[in-house]
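Visitor: Here is how the chains run, residue by residue.
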Amino acid sequence: MQMTQPTKWKAKMKHIISLLMENEAGALSRVAGLFSARGYNIESLTVAPTEDATLSRMTIVTSGSDEVIEQIIKQLNKLVDVVKVLDLNDGRYIERELMLVKVKATGALREEMKRISDIFRGRIIDVADGSYTIELTGSGSKLDAFLEALDKTVILETVRTGASGIGRGDRILKV
Amino acid sequence: MDDSNQQKIGQISGAEIIMRCLHEENVKFVFGYPGGAVLHIYDALFKQKYFKHILVRHEQAAVHAADAFSRATGEVGVALVTSGPGATNAVTGIATAYMDSIPMVVISGQVPTAAIGMDAFQEVDMVGVTRPCVKHNFLIKDVRDIASTLKKAFYIAASGRPGPVVVDIPKDITADFADFDYPKSVEMRSYTPVTKGHSGQIKKAVKILLEAKRPMIYTGGGLVLGDASNELVKLARTLDYPVTNTLMGLGGYPATDNQYVGMLGMHGTFEANNAMQDCDVLLAVGARFDDRVIGNPDHFLSVPRTIIHIDVDPSSISKRVKVDVPIVGHVQSVLGEMNELLAAETKKPDASALKTWWATINDWRAKKSASYDGSSSSIIKPQYVIEKLWEVTKGDAFITSDVGQHQMWAAQYYKFDKPRRWINSGGLGTMGVGLPYAMGCQLAYPNAQVACVTGEGSIQMNIQELSTCKQFHLPIKVILLNNRYLGMVRQWQEFFYENRYSESYMDSLPDFVKLAESYGHVGMNIEKPTDVEGALQDAFAMKDKFVFMNFMTDQKENVFPMVPNGKGLSEMILGSDPNANDAADEMEG
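Sequences listed follow chains W and X, in order.
Here this note's numbering is used: the first residue of the first sequence is 1, the next is one more, and so on.
Here this note's numbering is used: the first residue of the second sequence is 1, the next is one more, and so on.
It cannot be assumed that every hint is accurate.
Subject to a maximum C-alpha distance of 27 Å in a straight line, what follows is the list of computed BS3-like cross-link-like pairs (lysine-lysine) [claimed, not checked]: (1) X:K196 to W:K174; (2) X:K394 to X:K528; (3) X:K141 to W:K78; (4) X:K528 to X:K545; (5) W:K78 to X:K545; (6) W:K12 to X:K322; (7) W:K78 to X:K184.
Listed next, the stretches of chain X that the computed footprint assigns to chain W, with coverage defined by at least 3 CB atoms under 8 Å from CB atoms of chain W [what the hints assert, rightly or not]: (8) 134-144; (9) 188-196.
A few chain X residues that don't get close to chain W, going by computed Cβ distances all over 12 Å [to be verified]: (10) P34; (11) L55; (12) W358.
Bear in mind the hints are in silico, worked out from the structure with no lab data behind them.
Just so it is clear, CB atoms sit at the ideal spot from N, CA and C, and this is done for glycine as well.
Required output: the full structure, derived from the provided sequences and hints.
Guide: Here it is, written out as structure tokens:
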């Protein structure tokens with residue numbers, strides 16, 4: 001699934017913000033602390049070192065009006081450890097998230113779960129007597145759609161990584 | 001990694017490295033208080049001759065004094081505290097400096113590296129505790145990082161939008177040995193503050209300024225911190241435009257100049273607030289449109305005007321008020337460029353529009369919104385004390401204040417003609433800063449007149465510093481406006497809580513004269529208006545004495561004008577209105 005940038009921002013839009021920061025102890029807490037101190041919303045936050053081990057790349061999914069997003073970007077840039085900030089929604093980008101879902105797989109459900117997983121291009125990565133664990137990647141909305149397609153009572157457990165995002169084509173976030 | 005604690009030839013201890021770093025930074029004073037985690041540092045301090053250590057009586061005062069030293073001189077203030085309670089006592093001082101963007105380096109001791117996270121004696125996660133109220137902070141984990149970290153700390157504190165930087169150093173690191181090599185410069189890929197403003201934006205700003213019919217110049221603490229007072233005066237005089245200063249910006253433009261319309265904001269003048277509201281072009285310099293300055297932002301934006309905003313911090317621009325021409329850069333360099341453009345410009349401001357605008361402003365001025373009823377011969381009006389303080393010190397003192405009514409009266413009635421003379425906690429509003437602030441100023445300028453305008457509530461929040469003043473022979477003059485109330489709290493309770501003076505009366509006050517005398521200072525009680533001027537003259541004539549002046553002032557005096565919380569700038573209540581207090585009641589909500 002791909003997401004493209006809508007032409008007009010709504011009053012309160014979801015934004016995916018990517019940033020590069022010094023891979024130092026406490027750097028994550030500075031970003032998390034900024035969001036809580038200023039009352040900004042965080043839907044998800046993922047972080048890991050890049051190919052350059054001195055840098056971490058973080059993806060933050062947040063929402064807010066244009067003014068709030070502008071402030072978030074400015075405040076992130078103001079953090080001394082932050083090297084670069086990019087609002088992915090300013091251009092074309094790809095978003096991916098990984099989800100693991102453990103579902104009931106007994107009787108007729110065993111076939112049913114396999115079929116739904118296939119439709120969403122999921123992979124069954126663990127098979128037990130009464131359950132399957134399905135691995136699924138895609139945009140957040142695809143993962144949401146998968147969960148909605150399932151009967152709530154069959155879901156035993158879910159875990160999601162939160163979104164990662166990258167700009168399309170020439171949009172490169174690098175030092 | 002070499003973990004041995006063996007000293008090799010040429011190596012010095014971490015504690016000694018700290019001393020050398022401070023020397024490299026030309027630090028003259030370190031304000032501090034010793035304790036377990038900083039014993040190695042204090043031992044090195046004992047042996048050095050680079051700087052003077054000022055032993056305070058509470059760590060909070062150390063940070064405030066370092067903060068004031070910076071405010072008065074423009075240099076980076078330095079404080080040194082121990083781990084745990086020493087560090088947490090420093091936090092109020094750090095937050096105070098952070099809110100007012102004061103460059104400072106605070107070195108805190110930490111428990112030994114191996115004990116971190118073990119709930120060791122006097123352990124607190126200082127980096128975690130201070131994270132929301134510092135520009136940046138560091139925990140040093142290797143003796144070889146001390147010099148480069150302190151270099152970065154001083155650089156970060158003083159550059160861009162200044163602010164406090166905390167450097168937390170575990171005890172074992174200060175005992176380890178390393179070579180001393182102080183970096184000449186700092187390169188940080190993640191931190192590159194802007195200096196010069198965008199020249200296209202500056203040109204655009206000048207063009208808009210020259211087209212203004214009702215111009216207004218509004219400057220804040222950023223102008224003072226950016227040392228751009230001369231550039232502002234030049235710009236304002238060239239254009240003949242009115243100027244207002246925020247509480248933090250007082251002295252940025254000379255208060256005795258006719259183009260100055262007074263302070264603006266919650267307790268600003270009628271003319272400043274109205275001109276701010278009614279102008280068609282607003283030039284904001286190093287100011288941040290905060291809630292005490294423009295009141296309700298929706299009300300402020302209900303009338304159209306073009307806003308030009310110069311600030312070194314992009315996040316200050318369009319934060320509360322959307323601006324039309326943002327200019328990110330050092331205020332001094334941007335105003336300098338504007339002056340150059342104006343000098344080369346043939347177009348002049350619209351003289352007839354300006355004449356009309358000044359006439360309107362002068363009508364507002366004629367209201368004399370800063371007047372008060374000084375007719376009583378038995379009760380001292382607090383405003384009168386400040387007026388006389390200004391006269392007696394010939395307007396040339398360093399005035400520190402605490403927080404509350406006395407702070408507003410000092411701001412309204414002491415006419416500051418120079419920047420860095422008015423030292424107060426504007427952003428955080430920290431009671432208790434006044435006396436340590438005066439210490440920082442007096443140490444920076446030993447021969448200057450330094451007065452601390454305070455209230456009986458605030459002064460007791462750091463009263464222990466009378467002892468520090470004794471030890472270092474600081475001839476500060478304390479101007480206590482003693483109304484036996486937490487005056488500003490009482491004023492709000494009168495206006496908005498139907499006179500329910502909940503916990504705002506100060507009972508059981510000490511005999512301040514005896515208290516001062518017990519520290520070897522001079523104490524004075526002043527109870528009659530006719531004694532005010534003489535007492536001030538006597539006090540300031542004692543050039544080598546700390547004088548504690550206890551003025552018994554009117555208990556019911558309120559600060560006017562006042563823009564009630566959440567109201568707009570043109571909705572202010574004037575003190576000259578005979579029903580001012582009732583009007584304030586009605587404004588509630």
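Visitor: Could you work out which of the previously given hints the structure breaks and list their numbers from low to high?
Guide: 5
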